[in-house]
Amino acid sequence: MILFIAILIGICFGIFTGLVPGVHINLVAVGLLSVSGFLMTYFDPVVLVVFIIAMSVTHTFLDALPAIFLGAPDADQVLNVLPGHRLLLQGQGYEAVKLTVVGSFLCILVTVVSIPVLIPISIGIYSLVNPVMGWILLFVSVFMILQERGIERRIWALAIYLIAGILGVITFTMPGLKHSLVALLSGLFGISTLIVSLYDNVNVPKQEVTEKIVLSRKELAKIIFVGTIAGGITGLFPGIGAAQAGIMGGQLVGKIKDYSYLVLNGGINTVNFMFSIVTLYSLEKARNGAVLVIMEIMDTISYYQLWLFLFVAVLVSGICVFLTLYIARWFSHLINYVNYKILCFSIIVFVSGFVFVLSGWKGFLIMTVSTALGILPPYVNVRRNHCMGCLLLPVTLFFLV
Amino acid sequence: MREKLLYKLALICVVVGIVGLLFLSSKVETDKIDISRITLADVENDVKIEGRAAAVRNYAGVSMIDVVQEEKIKVVMFVDNVTLPEGAFIEVYGKVEEYKGKPEIIADVIKVKR
Numbered sequence: 026m027i028l029f030i031a032i033l034i035g036i037c038f039g040i041f042t043g044l045v046p047g048v049h050i051n052l053v054a055v056g057l058l059s060v061s062g063f064l065m066t067y068f069d070p071v072v073l074v075v076f077i078i079a080m081s082v083t084h085t086f087l088d089a090l091p092a093i094f095l096g097a098p099d100a101d102q103v104l105n106v107l108p109g110h111r112l113l114l115q116g117q118g119y120e121a122v123k124l125t126v127v128g129s130f131l132c133i134l135v136t137v138v139s140i141p142v143l144i145p146i147s148i149g150i151y152s153l154v155n156p157v158m159g160w161i162l163l164f165v166s167v168f169m170i171l172q173e174r175g176i177e178r179r180i181w182a183l184a185i186y187l188i189a190g191i192l193g194v195i196t197f198t199m200p201g202l203k204h205s206l207v208a209l210l211s212g213l214f215g216i217s218t219l220i221v222s223l224y225d226n227v228n229v230p231k232q233e234v235t236e237k238i239v240l241s242r243k244e245l246a247k248i249i250f251v252g253t254i255a256g257g258i259t260g261l262f263p264g265i266g267a268a269q270a271g272i273m274g275g276q277l278v279g280k281i282k283d284y285s286y287l288v289l290n291g292g293i294n295t296v297n298f299m300f301s302i303v304t305l306y307s308l309e310k311a312r313n314g315a316v317l318v319i320m321e322i323m324d325t326i327s328y329y330q331l332w333l334f335l336f337v338a339v340l341v342s343g344i345c346v347f348l349t350l351y352i353a354r355w356f357s358h359l360i361n362y363v364n365y366k367i368l369c370f371s372i373i374v375f376v377s378g379f380v381f382v383l384s385g386w387k388g389f390l391i392m393t394v395s396t397a398l399g400i401l402p403p404y405v406n407v408r409r410n411h412c413m414g415c416l417l418l419p420v421t422l423f424f425l426v
Numbered sequence: 483m484r485e486k487l488l489y490k491l492a493l494i495c496v497v498v499g500i501v502g503l504l505f506l507s508s509k510v511e512t513d514k515i516d517i518s519r520i521t522l523a524d525v526e527n528d529v530k531i532e533g534r535a536a537a538v539r540n541y542a543g544v545s546m547i548d549v550v551q552e553e554k555i556k557v558v559m560f561v562d563n564v565t566l567p568e569g570a571f572i573e574v575y576g577k578v579e580e581y582k583g584k585p586e587i588i589a590d591v592i593k594v595k596r
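From first to last, the protein sequence lines stand for chains A and B.
If you want the numbering used here, it's the 1-based position in the first sequence plus 25.
If you want the numbering used here, it's the 1-based position in the second sequence plus 482.
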């Protein structure tokens with residue numbers, strides 16, 4: 026019974042972190058870690074981990090909503106903003122969310138079913154690539170930059186990647202700065218996107234709740250397969266997030282429509298988290314903040330515990346299908362009546378205040394600088410995901426230097 | 483994918499998830515083990531033990547407790563002061579470490595059972 030209560034509370038926290046731009050699951054997970062000693066006098070560590078998994082899976086479903094309806098993504102949803110926003114401006118915001126839900130949900134099912142195969146594969150691949158991890162991360166960075174067309178755009182992409190990387194190194198080594206990642210990512214991907222939206226004079230048309238978009242089964246199967254593989258890669262390589270995997274996945278499936286792209290990125294985002302649990306079990310490595318906290322609480326997980334966590338993910342993903350689409354309908358209705366500019370401005374104020382309370386003036390300064398950098402990509406016509414250099418460059422340097 | 487089909491699949495997942503959880507939930511709690519079964523082969527493993535707190539010694543930044551069943555094991559907790567009732571029956575959750583060729587437990591959590 027206590028497990029179901031933990032799942033319910035985890036879902037509630039996941040709704041909060043998923044819907045509020047700038048609030049990440051890592052923040053709640055770290056908060057939980059700080060009181061875990063006290064909580065473990067009442068609950069088994071497994072209960073705390075179940076809470077984190079329920080929250081994280083819920084977050085990966087719901088973070089599509091602010092990305093599509095408000096144009097305010099977290100780092101994992103960067104690639105969904107443009108296609109999602111395009112559909113929003115055609116009155117199909119609900120359909121856009123539904124596509125990410127389809128991707129997340131089906132990719133979770135494929136991942137869980139493939140676990141017996143994925144475990145030995147992940148161990149095999151990891152032992153092969155671990156000695157050259159730094160070079161692979163460098164290759165991914167170069168690959169992302171070369172995806173830009175034309176020499177001028179590539180130079181801009183390189184400059185943004187390097188500046189973000191230097192900013193990342195400064196942020197992570199700054200003494201006395203708490204929750205540095207929240208400040209950094211809120212600026213790079215959250216507030217900067219909202220500021221651009223404010224100046225773009227976006228007029229959101231009346232939203233329809235329809236079933237207009239239908240993908241063929243063949244295309245859906247191809248995208249789910251690629252999404253699972255690309256999401257799995259993010260679980261193996263540190264520093265590579267859903268955005269980088271999305272670009273690589275996009276290359277694997279070739280030219281695809283906005284619809285398919287949303288399914289792909291929804292899937293990668295969720296598989297990214299699922300696979301990091303498998304990586305924790307098979308390699309005893311943490312690939313994201315929430316799993317790092319799980320590792321701190323439990324050190325290692327047994328085979329039974331792994332399956333328990335996967336069943337938690339399956340249960341929560343089933344619930345999240347209903348939950349996300351219900352909230353998306355509500356958003357579609359509400360956005361017709363809300364002043365979009367006031368809404369964006371309110372979120373900017375909220376996130377800025379949140380960062381200031383959490384990280385103090387140093388965090389606020391980091392957020393201001395990273396916001397300025399995050400505004401740059403759309404103005405020089407390059408992808409915003411180059412800002413992920415803030416994580417990729419420090420991790421690459423860690424392996425190479 | 484039609485929304486009805488999506489909802490049907492989601493409902494199936496909810497049911498499968500609940501059944502899986504009910505089946506596995508009894509198997510996953512960290513098992514309590516006898517002190518006599520803890521050896522150096524368990525070093526770095528998480529364990530849960532129960533026993534009487536025979537002696538509590540507090541030093542600066544660290545407390546040591548002898549936990550007794552039929553055999554005895556030393557439990558170390560990195561806190562300033564542990565106060566336990568005389569002969570309290572306690573549950574300890576922590577990691578096995580080696581000290582001077584013997585296993586001891588670095589405690590994360592100590593619960594007083596009675």
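Don't read these hints as lab results, they were simulated from the structure.
Yeah, the Cβ is synthetic: ideal placement off N, Cα and C, and Gly gets one too.
Fair warning: there could be bad hints in the mix.
In silico lysine-lysine, DSSO-like type, Cα no more than 27 Å apart, as pairs [to be verified]: (1) B/K530 - B/K486; (2) B/K486 - A/K282; (3) B/K486 - B/K514; (4) B/K530 - A/K231.
Computed far set for chain A versus chain B, every beta-carbon distance over 10 Å [claimed, not checked]: (5) F29; (6) I30; (7) S59; (8) L114; (9) T325; (10) W332; (11) N361; (12) Y404; (13) P419.
Broken hints, numbered, in rising order?
1, 3, 4, 5, 9 and 10
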